[in-house]
Amino acid sequence: MKLTGYEMAEAKRAASRDLRFAVEEFNAEYCAVLDAGEVEKWPEFFTEDAIYRITARENADAGLLVGLVYAEGRKMLHDRAVSIARTQMFAPRYNLHVTGNVRIMRQEASGEFAAQSNFILLQTLVEGPTTLHLAGRYYDRFVPTEHGLLLKERQAVYDTTMIATDLVYPV
Amino acid sequence: MKLTGYEMAEAKRAASRDLRFAVEEFNAEYCAVLDAGEVEKWPEFFTEDAIYRITARENADAGLLVGLVYAEGRKMLHDRAVSIARTQMFAPRYNLHVTGNVRIMRQEASGEFAAQSNFILLQTLVEGPTTLHLAGRYYDRFVPTEHGLLLKERQAVYDTTMIATDLVYPV
Amino acid sequence: MKLTGYEMAEAKRAASRDLRFAVEEFNAEYCAVLDAGEVEKWPEFFTEDAIYRITARENADAGLLVGLVYAEGRKMLHDRAVSIARTQMFAPRYNLHVTGNVRIMRQEASGEFAAQSNFILLQTLVEGPTTLHLAGRYYDRFVPTEHGLLLKERQAVYDTTMIATDLVYPV
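Chains as they are written, first to last, in the working numbering: chain A, 1 to 171; chain B, 1 to 171; chain C, 1 to 171.
Okay, chain A solo, but in the shape it has when bound (with noise of 0.2 Å):
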């Protein structure tokens, strides 16, 4: 019996790291493209009926799924994407995401899987200081495709309260 409750967790948290792996890999490109300012590459990264928001964690705590910004489905990732594109031509700085700490929480039976990563967003304005722009966690929901994983949900809950009231870059 025990060796066969342990051969089970092995085997749950071989695959688990495996998603972890995959789930490492799908943020670092995510952020790459974010970070090269290719923000018409971003909604690539999730399906065709993805929910994207992102929010205080005062209000996640609290249950309030009021978002700083909320997108649903490509079209309106893409049209937030064109949106930002405009305005960063106004106001030019570099983005700088480094990710870390995934955790896979729930895997279904259909492959679909739910996970946490934590995220610093650093921002640097042209002849500025790089200041801590933006931190907090994502929590997730993948769908694995024969061309990788897509994210079906992304909430970036950020832990900053103040922030600068021009935030419209994607997390």
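Since the hints were made in silico from the structure, they are not lab data.
Dumping the calculated SDA-like pairs for lysine to any residue here, alpha-carbon to alpha-carbon at most 20 Å:
{"#": "1", "chain 1": "B", "residue 1": "Lys-41", "chain 2": "B", "residue 2": "His-78"}
{"#": "2", "chain 1": "C", "residue 1": "Lys-41", "chain 2": "B", "residue 2": "Arg-103"}
{"#": "3", "chain 1": "A", "residue 1": "Lys-41", "chain 2": "C", "residue 2": "Arg-103"}
{"#": "4", "chain 1": "B", "residue 1": "Lys-41", "chain 2": "A", "residue 2": "Arg-103"}
{"#": "5", "chain 1": "C", "residue 1": "Lys-152", "chain 2": "C", "residue 2": "Arg-80"}
{"#": "6", "chain 1": "C", "residue 1": "Lys-41", "chain 2": "B", "residue 2": "Met-105"}
{"#": "7", "chain 1": "C", "residue 1": "Lys-41", "chain 2": "C", "residue 2": "Gln-155"}
{"#": "8", "chain 1": "A", "residue 1": "Lys-41", "chain 2": "A", "residue 2": "Val-143"}
{"#": "9", "chain 1": "A", "residue 1": "Lys-41", "chain 2": "C", "residue 2": "Met-105"}
{"#": "10", "chain 1": "B", "residue 1": "Lys-41", "chain 2": "A", "residue 2": "Met-105"}
{"#": "11", "chain 1": "B", "residue 1": "Lys-152", "chain 2": "B", "residue 2": "Tyr-70"}
{"#": "12", "chain 1": "B", "residue 1": "Lys-41", "chain 2": "B", "residue 2": "Ala-81"}
{"#": "13", "chain 1": "B", "residue 1": "Lys-152", "chain 2": "B", "residue 2": "Thr-47"}
{"#": "14", "chain 1": "B", "residue 1": "Lys-152", "chain 2": "B", "residue 2": "Gln-107"}
{"#": "15", "chain 1": "C", "residue 1": "Lys-152", "chain 2": "C", "residue 2": "Leu-19"}
{"#": "16", "chain 1": "C", "residue 1": "Lys-75", "chain 2": "C", "residue 2": "Gln-155"}
{"#": "17", "chain 1": "A", "residue 1": "Lys-152", "chain 2": "A", "residue 2": "Glu-25"}
Note that the structure is predicted; figures quoted are calculated from it, not measured.
Following the hints, complete the assembly by docking chains B and C onto the known chain A.
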């Protein structure tokens, strides 16, 4: 000879890599518990006789084992956790850990091993900015158990020389 | 056909993942040496003919390969290391690197490969606060050897536009 040596090195590296993955997953869970404010669960990451210490790097470099925080044994960790939980009610804040750069340093025949990781602890006071509260390195001794790794010793050595006097929250 | 393509992609991904793990471990050792102030060991991470450069992102984006720091060959890296070691005696500080978001970009038949990683360099002056000194991305060319990876080229491209004029310490 050369081939044999190479194989041994490969085997050693593969073993270290597996331990590294386990430490990364341990740190992700450890930090998630602290960041969620579930400090009462924090002692569960340690062995019964564990040592926990937070020390300034200048003291650690000088061999002075005088810690800002010191606890020996799970009971003392638990007492500290309870008092922290009470303190935090008066000064609510959000913690966010990001860990990385894990190194496996040495493994005993018993399975016990020493590791290092870098950590950044960001703190956000309610209605305040997110600040770099503490940054440094964990010096750890891990014990493998059938339920996963446990800390026999965690020394959090922080670089930060100016810290808020209210530092009591575990790192 | 489809299955064959899938297998190849899998094989490629598995190979990339293994390289990623090796780069993560390389970066952990590289940063640990720098953070410990053992700058005289720093050239050992490079090939004999290696190129090392620290460049501002605005220059890199413009294709201007004018570096804040430039060294070609281990000897020049060594000379730089010696002069840095002397400088640091006058302005003691602690460095802490956190690296992440490793991407394997392309691998040659020879085994050489290109990779990227994000880095944050925190610096703490004695009796001063910990500050975000430099943040950016490594653009690397690695060569596998029987003793592990060596850098044939490391370009540290930093986002930070305002930096202390005393930046001489390797990133």
